[in-house]
Every structure is written in structure tokens, then in C-alpha cells.
Amino acid sequence: MKEFFEMVVLFFETLAVGVLIGGFFYFCLRMLKQWMRPAEHSSVYLEFRKGFGRTLLLALDLLVAADLVLTMTVDLSFRNLGILGSLVMIRTFLHVIIEMELTGRWPWQHGVPAAEKPDA
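Start counting at 1 in the sequence shown, then tack on 1347, and there's your number in my numbering.
None of these hints come from the bench; they were simulated from the model.
Keep in mind it's a predicted model, so treat the numbers as computed, not measured.
Mixed in with the good hints there might be a few duds.
[Said to hold, decoys possible] Computed beta-carbon distance windows for the label pairs:
{"#": "1", "residue 1": "F1352", "residue 2": "D1408", "range": "16 to 24 Å"}
{"#": "2", "residue 1": "F1358", "residue 2": "R1426", "range": "23 to 31 Å"}
{"#": "3", "residue 1": "K1380", "residue 2": "L1423", "range": "42 to 50 Å"}
{"#": "4", "residue 1": "L1357", "residue 2": "S1389", "range": "40 to 48 Å"}
{"#": "5", "residue 1": "F1440", "residue 2": "L1379", "range": "14 to 22 Å"}
{"#": "6", "residue 1": "K1380", "residue 2": "D1408", "range": "45 to 53 Å"}
For glycine and all other residues, C-beta sits at the position ideal for the given N, C-alpha and C.
Turn these sequences into a full structure, and let the hints steer you where they fit.
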């Protein structure tokens, strides 16, 4: 059973790396394609940043899932639970900061992002 969960962890970690590499190349190619069009230069970087930022968020979620499976099923100890807790806190912090950077608001705020609100 331990080998099965190790394979699940390996799958999640490999999937996270694949998402990062695939997302990077996808958004680079998309950016180059848009950059070739003369009228669309102003938003090319922002679209790349937003798209690749979403890719980073997905990869972080996959890595957290891998860490959870690894700690809870393969090697359960207080030391590893502490390591898991700190990894999850760091990745959650990164997730919140990237979300703030992409949308202009905190993940728990709903509604129109600050950058798109009309002046009152």
C-alpha cells in the first residue's frame, strides 16, 4: 500500500512540474503570437503575467496535495507533520500573494477588482 501512495505522490509532483513547463511554454508562445500583431503590444505582458500566474497557482495546489498524501500516508510522524504545516503555510502565503497580484484584491474579497472599479 505504501508503494501505491508513493506513486500517487510522484504523479502529483510530476503533474505539477508538467503544468509549470507546459504553462510557461503555452503562455510564451501566446505572448509571441500577440506581440507579432502591431495593435496589441500594450497588454501582451499583462496577459502573460496573469496566465502564467494562474499556472503557478495550479502547480502550488498540486504540490500541496502531494505533500498531504506523502505526510499522511507514507511517513506519518510529528516531525513530518511540522514540516508539512510549514510547507502548507508557505505555499498558502504564496497563493494569496499571487492571487492579490493577479486580481488586485484578496482571495476572500468578492466583487469588482480595485483596478476595474469606476471612479465615484
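Right, here's what the structure says about each hint:
no.	hint	verdict
1	F1352 to D1408: 16 to 24 Å	holds, 19 Å
2	F1358 to R1426: 23 to 31 Å	holds, 25 Å
3	K1380 to L1423: 42 to 50 Å	holds, 48 Å
4	L1357 to S1389: 40 to 48 Å	holds, 42 Å
5	F1440 to L1379: 14 to 22 Å	violated, 32 Å
6	K1380 to D1408: 45 to 53 Å	violated, 28 Å
Hint violations for this structure: numbers 5 and 6, all remaining hints satisfied.
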